[in-house]
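S.K.: Single-letter residue listing:
There are 2 protein chains.
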Amino acid sequence: MKTMQQNETVVRNGVDVTALMGAIQAISQDTTLADFVFRSENKWMDGGHNRSMIRDFYGVGSDQMREVTFTMDADEPSVLLGFDRGANPVEYILHALAACVTTTTVYHAAARGIRIDRIESKLEGNLDLRGLLAMPGATRNGYEKVVFTMKIEGSGTPEEMAEIVRFGQSHSPVFDIVSNGTMIDVRVESF
Amino acid sequence: MKTMQQNETVVRNGVDVTALMGAIQAISQDTTLADFVFRSENKWMDGGHNRSMIRDFYGVGSDQMREVTFTMDADEPSVLLGFDRGANPVEYILHALAACVTTTTVYHAAARGIRIDRIESKLEGNLDLRGLLAMPGATRNGYEKVVFTMKIEGSGTPEEMAEIVRFGQSHSPVFDIVSNGTMIDVRVESF
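Residue numbers (our numbering), protein chains in the order written: chain D, 1 to 191; chain H, 1001 to 1191.
Chain D extracted, bound-state conformation (with noise of 0.2 Å):
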């Protein structure tokens, strides 16, 4: 008989904090749980606009549709020869980044019983243009350095609020895959 504490959830910041409890029970019995593949498929339309589709992974062990397919376009300004039909490469990077160390942050801070009021972001990242154009005297074709700044404020002292910050970049998937760098297997084929 289901008691009225057994139907209970606790949802705090937004996020079922019951439910990621029971993740965290089920992938310590099965860790095959954690093995996700994530996918996105990608068509060049003209010049700098291409146009990418996400629709489904896998996850907890089957593939998973996501309840919409989303679609992203990613163009360049005019000083970069694109008409603004979508954010450019770069600064969609910066977007992954403060979207997912704002999501660590915000779903760790809920385990630890932490209340977020508010987190807001501005990244700035420098690059030389040269690297992309292939000419002499960039010392790289992206970022030198990106610049991530992150107003948080919430029940904790700013002391504590600082270390939940530190907490989810240190745990934080895109972090990882931009700060340390990844292997990406490119390759080419013919239609």
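There could be a bad hint or two in this list.
[Said to hold, decoys possible] So these bits of chain H aren't anywhere near chain D, every CB distance computed over 10 Å:
# : residue
1 : E1008
2 : V1010
3 : G1113
4 : I1114
5 : R1115
6 : S1121
[What the hints assert, rightly or not] The calculated lysine-lysine pairs, modelled on DSS-like cross-linking and capped at a C-alpha distance of 27 Å, are:
#  : chain 1 : residue 1 : chain 2 : residue 2
7  : D       : K151      : H       : K1043
8  : D       : K43       : H       : K1151
9  : D       : K122      : D       : K151
10 : D       : K122      : D       : K145
11 : H       : K1151     : H       : K1122
12 : D       : K145      : H       : K1043
13 : D       : K145      : H       : K1145
Quick caveat, the hints were computed from the structure, so don't treat them as lab data. Using N, Cα and C, we set each Cβ at its ideal position, and we do this for glycine too.
Could you slot chain H onto chain D? The hints should help.
M.R.: The following block gives chain H in isolation, referenced to the frame of chain D:
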């Protein structure tokens, strides 16, 4: 007196090659024109949902406004305790990678006189969720590996088309950012 010849512009693969060559010429005379700073702002909404806005950047010597403000929503699927209000951060990384290698390939092909007819890519990234969850056993928090399969068709032989993709890959800012790693300076502040 202008002649027809001087007014002609070459547009190939949707890229204004005349403007591209002009930009390279201008940067070779004033290398500060190659200094770009891309910017993004992100705001946490609820749970795994947050939103980035991209409005402006610095480049070719001054601040530049995008023609429109780009808004991007990140969220998680239900098995990751979200509500599918957007692609998730690691999926945005796959989009940024595909978009950047595609654009870099298309631009350099245009400069070389190679016509591109079609480019389509599929990307997959493997991730062990135990990293994000701060559970023992994961080799890292981010993608263990990304497999990036690009199909390309154009005016060159399959070997020439593969070579231009390799050139695009080796000059793509996002490919460099992700494969070689990038310094990220995270600063935490109170409101």
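S.K.: For the pair supplied as a hint, K122 (chain D) and K151 (chain D), is the alpha-carbon distance within the 27 Å limit?
M.R.: 9 Å, holds
S.K.: Taking the shortest Cβ-to-Cβ distance between G1113 (chain H) and chain D, state whether it exceeds 10 Å.
M.R.: 15 Å, holds
S.K.: V1010 (chain H) clear of chain D by more than 10 Å, beta carbon to beta carbon?
M.R.: 12 Å, holds
S.K.: Since E1008 (chain H) was said not to touch the interface, does its Cβ keep a gap of more than 10 Å from each Cβ of chain D?
M.R.: 17 Å, holds
S.K.: Confirm or reject: S1121 (chain H) is not an interface residue toward chain D, with every Cβ-Cβ distance exceeding 10 Å.
M.R.: Violated: least Cβ distance 4 Å, not greater than 10 Å.
S.K.: Evaluate the condition: distance from the CB of I1114 (chain H) to the nearest CB of chain D exceeds 10 Å.
M.R.: Given a closest Cβ separation of 14 Å, the condition holds.
S.K.: Hey, K43 (chain D) versus K1151 (chain H), does the alpha-carbon distance stay inside 27 Å?
M.R.: At roughly 10 Å apart (the allowed maximum being 27 Å), K1151 (chain H) and K43 (chain D) satisfy the hint.
S.K.: Any Cβ of chain D at or closer than 10 Å to R1115 (chain H), or is the non-interface label fine?
M.R.: 13 Å, holds
S.K.: Is the Cα-Cα distance between K122 (chain D) and K145 (chain D) 27 Å or less?
M.R.: 14 Å, holds
S.K.: Decide if the proposed pair is consistent with the structure: K145 (chain D) and K1145 (chain H), CA atoms, cutoff 27 Å inclusive.
M.R.: 23 Å, holds
S.K.: Regarding the pair K151 (chain D) and K1043 (chain H), is the alpha-carbon distance no greater than 27 Å?
M.R.: 10 Å, holds
S.K.: Quickly compare the C-alpha distance for K145 (chain D) and K1043 (chain H) to 27 Å and report which way the hint goes.
M.R.: Cα-Cα ~22 Å, so holds.
Violation of the numbered hints given earlier is confined to hint 6; every other hint is satisfied by the structure.
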